[in-house]
Amino acid sequence: MTLFFILPVIIVAAYSFGVLKLFPTGTSSAFYDWKRLLTGQSIYLGLFWKSMRVSLIVSVTCVVLAYPVAYFLALGAKKRKYVLLLVIIAPFLTSYLLRVLAWKVILGDAGVINSFLFWTGLRAAEDPIQWLIYSQFTVMLVLAYVWIPFVALPIFVTLENLDHSLLEAAADLGASRWRTYLRVTLPLSLSGVLAAFVFVFIPTLGEFVTPLLVGGTRGYLYGNAISDLFTQGLDWQAGSVLSLFLLAVVAVLMAVFARFLQVRSVSA
Amino acid sequence: MTSDVANSRLALIGLRLFYALLVVFLYAPILLLAIFSFNDNPTPAFPLDGLTFRWYQQFLSNQQLIGALRNSMVVATISSVIAVALGLAASFLLVRRRFVGKSAVSALVLSPLVIPYLVFGIALLILFSALDKFLTNTLGVYIGLGLHAVVVGHVVVSLPYTILTIVPRLERMSISLEEAARDLGAGPAETFRRVTLPLLVPSIVSSFLVAFTLSFDEFAIASFLTTRSLTWPVYLFAQLRFPVLLPQLIAVSVIVMALSIAVVVAAEVFRRQAERHLDFAPPA
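Protein sequences, first through last, are from chains A and B.
For what it's worth, my numbering labels the leading residue of the first sequence as 6, then goes sequentially.
For what it's worth, my numbering labels the leading residue of the second sequence as 45, then goes sequentially.
For the record, the hints were derived by calculation from the structure and aren't laboratory data.
The structure presented is a predicted model; accordingly, all values stated were derived computationally and were not measured.
Just so you know, even glycine gets a beta-carbon here, dropped at the ideal spot from N, CA and C.
One or more of the hints may lead you astray.
As the list claims (entries may be wrong) - Covered by chain A, per the in silico footprint, the following chain B stretches (three or more residues, Cβ under 8 angstroms):
(1) 53–60
(2) 67–81
(3) 167–176
(4) 255–267
(5) 292–305
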C-alpha cells in the first residue's frame with residue numbers, strides 16, 4: 006500500500022518541483038510551473054475555478070434529486086425498500102463509459118432527440134438543437150446522471166438509521182408533520198447529505214472522460230488539462246503541478262468534511 | 045407510528061411519483077442504447093429501421109474487441125483476488141488487533157476512496173516510468189507499462205471497498221465461535237479454515253464482485269498505464285472515434301451491462317440470504 010499509493014504521490018510531488026526528470030522537455034526551474042499556476046499566469050487557475058463551479062452545480066443537483074428518493078425509501082416505503090434502492094443504485098455498477106456514450110448518442114446533432122424531431126417534423130433537418138451536445142450544460146447533465154445513484158446511498162443510510170422515537174416524540178409534543186420534518190428529520194439527515202455531496206464533488210473535480218466525450222471545447226475542464234499535459238503536451242512537470250494542486254484541494258476538503266464522512270467509523 | 049411528512053398520504057403519492065420519474069430518467073438512456081443495438085442502421089437515430097442481430101454477430105468475429113474483453117477479464121480477476129486477500133488481512137488487523145497508529149493505517153488504506161483516479165493514474169505512470177528508467181540504467185532490464193501496472197492500480201483502488209465490505213461482517217461476528225473451536229482442540233489454522241473463513245464467505249464473495257466490477261469498468265487509471273494490450277474500457281474509448289464500429293460497441297456494452305446488473309443483483313440476493321441465515325444462528 007505504501008509502495009504503490011504513497012510512493013507514487015511523493016513522486017508526483019518530486020516531479021512537480023523538478024527534482025525528478027524523465028524527459029528533456031518541460032521547464033527547468035523548480036518553482037516555475039507552481040508560480041505560473043498560483044499567480045494565474047497560465048490558463049489553468051481559471052480552468053480550475055470552472056471545474057469547481059461545474060462540480061459544485063453537479064453535486065448540488067445530485068443531492069437535491071437523490072434526497073427525496075432516499076427519503077421516500079427510508080421512511081415512506083415499507084417492505085420492498087431495499088429492492089427499490091437496488092433499482093436506483095444498479096446503474097452505477099454498470100459501465101461508466103457506456104452511460105456517457107448513451108447520452109452522446111441521445112444528444113448528438115444527428116442523435117436520438119434531434120433525429121426524432123426531424124422525423125416528426127418538429128424541426129428542420131438542417132437545424133438541429135445544437136446546445137444539446139458539446140456544451141458545459143451537457144457535461145453537467147451527464148455527470149449528474151452518472152452520479153445520482155451513488156448519492157442516494159449515504160442519504161438513505163443516514164435516514165434509515167434515524168432514531169424513530171425522536172419523530173414520535175416530536176409528534177407527541179404537538180409538532181405538525183412538516184414541522185417534525187423541518188426541525189427533526191432534516192437536521193439529522195444533514196451528515197448523510199454532506200457525505201453524499203463530498204463523494205460526488207471530489208471525483209467530478211478531477212473528471213476528464215465525460216468532458217472529452219460530450220463536452221467539446223466549451224466543456225473542457227481542469228482534468229482535461231492535466232490529462233493533455235501527460236498524453237499530448239508531454240510537459241510532465243506542469244502536469245504534476247496541476248495534479249498535486251488538485252490533490253491538495255481534495256485533501257483540504259476531506260479534512261474539513263472528515264467528521265461527516267462515515268469511513269471514519271471503521272477504525273473505531 | 046412515526047409522524048413525519050413521509051406518513052402523509054399526499055406526500056407519499058408525490059414521493060412515489062418522483063421515484064418513478066427518477067427511475068425512468070436513469071434507465072431510459074440505457075434502454076435506448078439497447079434498442080439501437082438491434083436496429084438495422086449503423087447510425088443510432090430515428091426512425092428505427094428494423095430488427096437485426098448483425099452487430100452482435102460482427103463483434104463475435106472482431107478479434108481485437110474480444111482480446112480487449114479478455115484482457116479486462118484477466119486484469120479484473122487477478123486484481124480482485126489480490127485485493128480481497130489484502131482486504132481480508134487488513135480487516136483482521138483493523139478489527140481484531142490493537143496497535144499504535146491504527147487510525148492512521150485505516151485512513152491510509154481507505155484514502156484511495158477519495159483520490160481522483162486521474163491523479164492516481166498519473167502518479168503510477170510516473171512511478172513505473174521512473175522505475176523503468178532506473179532498471180534499464182542499472183540492470184538493463186526493461187519492464188515497461190502494461191496490464192501488470194493496471195493490476196497494481198486496480199488493487200489499490202479496490203482495496204478500500206473490500207475492507208469496507210469485510211469489516212462490518214467481522215465486527216458482527218462473535219469471536220466466541222472461534223474461541224469455542226480452539227477450546228475443542230482446533231489449531232489456529234484449522235479454526236480459520238473451518239470456522240472463520242466459512243462465516244466470512246458472503247462478504248468475501250460480495251467484496252470480490254465489487255472489486256471485479258470496479259476493475260472491469262475502470263478507465264481513468266488504465267488509460268494511462270496500458271500500452272499495446274488494451275483493457276475493454278480503454279479499447280471502447282479509443283474506438284468511439286470510428287462511427288462504423290459504434291453499433292458493435294453498443295451491442296457488446298449492452299451484453300456487459302446486462303451481465304453486470306445480473307451479477308450485482310445475484311450477489312445482493314445471495315448476501316442477504318446468507319446474512320439472514322447467520323442471524324438466526326443461536327448466539328454462541
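Hints and how they fare:
Residues of the segment 53–60 of chain B lying with their CB closer than 8 angstroms to a CB of chain A number 4, which satisfies the three-residue condition for coverage. With 9 residues carrying a beta carbon less than 8 angstroms from a beta carbon of chain A, the segment 67–81 of chain B meets the three-residue requirement, and the given coverage holds. By the rule of at least three residues with a Cβ nearer than 8 angstroms to a Cβ of chain A, the coverage given for the segment 167–176 of chain B holds, with 7 such residues. For the segment 255–267 of chain B, the stated coverage by chain A holds: 4 residues have a C-beta nearer than 8 angstroms to a C-beta of that chain, and at least 3 were required.
For the segment 292–305 of chain B, the proposed coverage by chain A is satisfied: 7 residues have a C-beta within less than 8 angstroms of a C-beta in that chain, meeting the threshold of three.
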